[in-house]
Amino acid sequence: MSNGRFGQHGGQYIPETLMNAVIELEEAYNKYKDDPSFNQELQELLNEYAGRPSRLYYAKHMTEDLGGAKVYLKREDLNHTGSHKINNVIGQCLLAKKMGKTRVIAETGAGQHGVATATVAALMGMDCEIFMGAVDCERQALNVYRMKLLGAKVHPVTSGTATLKDAVSETMREWTNRIDDTHYVLGSVMGPHPFPTIVRDFQAVISKEIKEELLEKEGRLPDAVLACVGGGSNAIGAFYHFINDKGVRLIGCEAAGRGIDTKETAATINTGSLGIFHGMKSYFCQDEYGQIAPVYSISAGLDYPGIGPEHAMLHDQGRAEYVAVTDEEAVDAFEYLSRIEGIIPAIESSHAVAYAKKLIPTMNKDQIVVINISGRGDKDVAAIARYRGEDLHE
Amino acid sequence: MNNRIQQAFANGKAFIPFITCGDPSLEVTEALICAMAEAGADVIELGIPFSDPTAEGPVIQEANIRALSNGITTDDIFAMVAKVRQKTTVPLVFMTYANVVYSYGVTRFMKKSREVGMDGLILPDVPFEEKEEFAAVAEDFDIALISLIAPTSKDRIRKIAREAKGFVYCVSSLGVTGTREQITTDVASMVELVKKEQDIPCAVGFGISTPQQAKAMADASDGAIVGSAIVKLCGKYGKDCVPYVAAFVKEMKESISA
Chain A
7 MSNGRFGQHG GQYIPETLMN AVIELEEAYN KYKDDPSFNQ ELQELLNEYA
57 GRPSRLYYAK HMTEDLGGAK VYLKREDLNH TGSHKINNVI GQCLLAKKMG
107 KTRVIAETGA GQHGVATATV AALMGMDCEI FMGAVDCERQ ALNVYRMKLL
157 GAKVHPVTSG TATLKDAVSE TMREWTNRID DTHYVLGSVM GPHPFPTIVR
207 DFQAVISKEI KEELLEKEGR LPDAVLACVG GGSNAIGAFY HFINDKGVRL
257 IGCEAAGRGI DTKETAATIN TGSLGIFHGM KSYFCQDEYG QIAPVYSISA
307 GLDYPGIGPE HAMLHDQGRA EYVAVTDEEA VDAFEYLSRI EGIIPAIESS
357 HAVAYAKKLI PTMNKDQIVV INISGRGDKD VAAIARYRGE DLHE
Chain B
7 MNNRIQQAFA NGKAFIPFIT CGDPSLEVTE ALICAMAEAG ADVIELGIPF
57 SDPTAEGPVI QEANIRALSN GITTDDIFAM VAKVRQKTTV PLVFMTYANV
107 VYSYGVTRFM KKSREVGMDG LILPDVPFEE KEEFAAVAED FDIALISLIA
157 PTSKDRIRKI AREAKGFVYC VSSLGVTGTR EQITTDVASM VELVKKEQDI
207 PCAVGFGIST PQQAKAMADA SDGAIVGSAI VKLCGKYGKD CVPYVAAFVK
257 EMKESISA
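Protein chains in written order, with this note's numbering: chain A, 7 to 400; chain B, 7 to 264.
Source of the hints: derived by calculation from the structure; they are not laboratory data.
Quick caveat: nothing in here was measured; it's all calculated off a predicted structure.
It is possible that some hints are incorrect.
Unchecked claim - To give an idea of the chain B side of the interface with chain A (calculated C-beta under 7 Å), a few residues:
1) Gln67
2) Thr80
3) Asp82
4) Ala85
5) Ala104
6) Pro130
7) Pro133
8) Glu135
9) Leu180
10) Thr185
Claimed, not checked - Examples of chain B residues toward chain A, derived with CB under 10 Å:
11) Asp81
12) Ser159
13) Tyr243
Quick reminder that beta carbons are idealized off the backbone N, C-alpha and C, glycines included.
Make a model of the complete structure from these sequences and hints.
Following this line, the structure appears as structure tokens:
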């Protein structure tokens, strides 16, 4: 079996042109990941620039309102640039610099990863080009301008469904075009090996902190950790240090879109099947001939037809559960958390809040649930207003 | 070793055109295969359309979309090949993506390919490290799983060449498929490295659109592969593309044979 496997998933299904690039990346990562000075530099940037550690906030009102388990919110939305994406971007850009790369390229869905990449590229003095589906450019226009403001060039991608999957395809194509000076900052725990491992390691800081913070506040581990899942980077980050703690339920919340019994869904584990795409073997939404499905979700960040290979393995093992949350439920949760705790979550993270609202009342008062608030919802306000029928444009 | 592919390289430089099946229709694809064989094509690459062809430039991406929006499936393409095999013995090689084969069932795909008379298969998203899952089954059904080498392959060329089947597909340039003004890669050195490991034909593809480029690439190897330039004609002339494509193939074959 080839490199970078998670059970039957993962691997390196990419054109020969890119093989030496991913091998070079793997070698560099193996060299630096345990290097004390690299890690010191990384930690300093995470703390001083990104604002880590992020808070683990006790959501008192939500706990009282739902009347079940105690609710904690992991505040990744408070990071610089407003989401968990910066954790991975700082790590990868630092690595790229060590490798002598002077230019970074990245895909983005909601724009969070694109903004994080443009930000760190500005900080580190690297050239930056972002590929974003034309449909997403329209629904996240403010983020497009934000990236330009940070000095990045934004390429709207019009091929295919003009959303996240097409942005990934186009960034891969661009990488085959220019490898020598360019690093592809992949934004999720997907793609060919070593990306799923590298991105997971850089995001694992989330669960490391949750564990420390909760032990300090409660002296115990949580009963469940919830996170939204598209490709799955914030979820794997929130799960990783709990995988061996069998008493902790790990729950990934997929985007059901208009429902998993409709074609307008992006719930990969709930509706997909085993396949090979974007460099990896995993589960994908596809038809019987292996054509990738045009998925749909209100959330541009979860609007992806696949899931990272490690999640696919955790699903196969039964170690993590993957549930589906509709647009309507997510929008309700978006409004709910805004009103009850004064925290506007990203529409992506709202999928996890929505499932928590169903789960928590079924649990006991002495139990604890952690919800990863992977990003802030400011970027979504106009879209949610439109969803609610208000004629509001950015 | 597949005999038909071997013979295709036995009489001078080979010209290998690529078309996307079902663009603009399977009837036209069938007519194109016969006309291209007649015009001097030595091997023909048949693209099975995929929704997200990550190794293709805009021209072939659009051909994939045109074919899929016609509702073309892998089964329809097998049926078309079975029909065209009654009319021509030209070696036929599928070119598609791993998921198309994997979702069909690797064994079922190879068995069906053999039954309808295919000779080989190119999977641009299956590198050396991942090939075993496909290569072992392909071999059982005498389908040559064709390996690619790229300008970035460097020391990888040796191990790829050692286990290559059919012919070696030498990628001429960085990036995706599509026409290019200039090809700067030292293709002759790549070919030389291959031949040191195995006496196997090498054909060069990616970026070739003119008779002069085809001649230069074929001179440095055993043949030239042309896709986008032909698919452009299919896109431009639609159902009337056959004579234009045949004339183009004839011109290219004459140029590389000169």
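Right, here's what the structure says about each hint:
1. Of the supplied interface hints, the one on Gln67/B holds, with its beta-carbon coming within about 6 Å of a beta-carbon of chain A, less than 7 Å.
2. Nearest Cβ of chain A to the Cβ of Thr80/B: about 5 Å, under the 7 Å cut. The hint holds.
3. Contact between Asp82/B and chain A, as hinted, is not supported at the beta carbon level, the nearest pair being about 10 Å apart and thus beyond 7 Å.
4. Restraint check, Ala85/B versus chain A: the minimum CB separation of about 14 Å is more than 7 Å; hint violated.
5. Taken as an interface hint, Ala104/B checks out: its beta carbon lies about 4 Å from the nearest beta carbon of chain A, inside 7 Å.
6. With a least beta-carbon distance of about 5 Å to chain A, the hint placing Pro130/B at the interface is held under the 7 Å criterion.
7. Evaluation of the Pro133/B hint against chain A yields a held restraint, the C-beta minimum of about 5 Å falling below 7 Å.
8. The restraint placing Glu135/B at the interface with chain A holds, with a minimum CB-CB distance near 4 Å, inside the 7 Å limit.
9. A cut of 7 Å between beta carbons decides the hint on Leu180/B: the least distance to chain A is about 6 Å, and the hint holds.
10. Among the interface hints, the one on Thr185/B is violated; its C-beta lies about 14 Å from the nearest C-beta in chain A, farther than the 7 Å criterion.
11. Among the interface hints, the one on Asp81/B holds; its C-beta lies about 8 Å from the nearest C-beta in chain A, closer than the 10 Å criterion.
12. Using the Cβ-Cβ criterion of 10 Å, the hint placing Ser159/B at the interface with chain A is satisfied: the shortest such distance is roughly 6 Å.
13. Given hint, Tyr243/B at the interface with chain A, is violated; its Cβ is 23 Å from that chain's nearest Cβ, farther than 10 Å.
Consistency with the previously given hints fails for numbers 3, 4, 10, 13, ordered from lowest to highest.
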